[in-house]
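Asker: Sequence:
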Amino acid sequence: MQSLNPDPKAHYTSVYEALKKIIRTEGFWRPLRGLNVMMMGAGPAHAMYFACYENMKRTLNAVFHHQGNSHLANGIAGSMATLLHDAVMNPAEVVKQRLQMYNSPHRSALSCIRTVWGTEGVGAFYRSYTTQLTMNIPFQSIHFITYEFLQEQINPYRDYNPQSHIISGGLAGALAAAATTPLDVCKTLLNTQENMALNLANISGRLSGMANAFRTVYQLNGLPGYFKGVQARVIYQMPSTAISWSVYEFFKYFLTKHKLENRTLY
1 MQSLNPDPKA
11 HYTSVYEALK
21 KIIRTEGFWR
31 PLRGLNVMMM
41 GAGPAHAMYF
51 ACYENMKRTL
61 NAVFHHQGNS
71 HLANGIAGSM
81 ATLLHDAVMN
91 PAEVVKQRLQ
101 MYNSPHRSAL
111 SCIRTVWGTE
121 GVGAFYRSYT
131 TQLTMNIPFQ
141 SIHFITYEFL
151 QEQINPYRDY
161 NPQSHIISGG
171 LAGALAAAAT
181 TPLDVCKTLL
191 NTQENMALNL
201 ANISGRLSGM
211 ANAFRTVYQL
221 NGLPGYFKGV
231 QARVIYQMPS
241 TAISWSVYEF
251 FKYFLTKHKL
261 ENRTLY
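Start counting the sequence shown at 1; every next residue gets the next number (UniProt numbering).
Honestly, the hints are just simulated from the structure, not real lab data.
A quick note: this is a predicted structure, and the numbers were derived from the prediction, not measured.
DSS-like, lysine-lysine: derived pairs with alpha carbons at most 25 angstroms apart:
1. K9 x K20
2. K96 x K9
3. K96 x K20
4. K21 x K96
5. K9 x K21
Can you make the complete structure from the sequences, with help from the hints?
Answerer: Written as structure tokens, this is what we have:
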């Protein structure tokens with residue numbers, strides 16, 4: 001849906017229509033393409049992400065607020081965690097998006113990695129890294145500030161409460177996703193180097209840089225181009241962040257409880 005100049009066979013007007021057409025024309029499993037490479041990257045990326053966030057949040061809250069919760073501390077902690085997370089996930093995103101393009105020439109994640117490495121060099125996996133950070137730093141700042149704010153409202157004692165974690169995580173993800181869609185469209189263009197779009201914009205070679213991506217999107221699709229796929233992005237991020245926070249909070253509660261029980265025993 002974020003393609004600036006899609007093939008007529010891959011032109012979609014809604015999330016439902018896109019899903020239906022993809023399954024009908026490209027097969028039942030096509031919407032899951034790239035899942036394996038994302039799973040490989042997600043484990044280490046999220047481990048660093050939450051470890052960095054918790055440590056930075058604790059340190060900065062002590063500096064800014066002494067006691068309690070500081071939204072500024074949460075935003076900065078989320079931004080710092082993003083630097084580590086994206087260093088791992090950016091190459092995975094490049095491979096995933098190239099596999100997911102309509103009529104992709106890549107048959108598997110491994111063949112995609114080999115082709116991109118051989119034809120464009122290792123830099124291709126980080127061509128959109130600064131753009132990814134430009135998108136994800138505001139995304140994660142909005143995401144963490146909103147999540148912590150909602151937790152203050154519906155779970156003020158910060159107990160383990162699955163319902164509150166799911167609601168706060170889902171709403172925080174939806175708001176952050178909608179606000180940063182223009183940046184995601186530009187990131188997708190840099191990752192995929194969409195040939196037809198670059199030819200229409202009279203760009204020879206490779207497109208690089210956030211400013212160039214923004215100009216190209218506007219040149220080809222105007223202001224509506226920046227919000228291509230906003231529905232899909234919100235629908236994807238809401239359950240994603242709700243699941244992420246609820247699972248994280250469960251393990252945080254479980255491991256902390258287990259640690260306290262062990263201390264009591266000994």
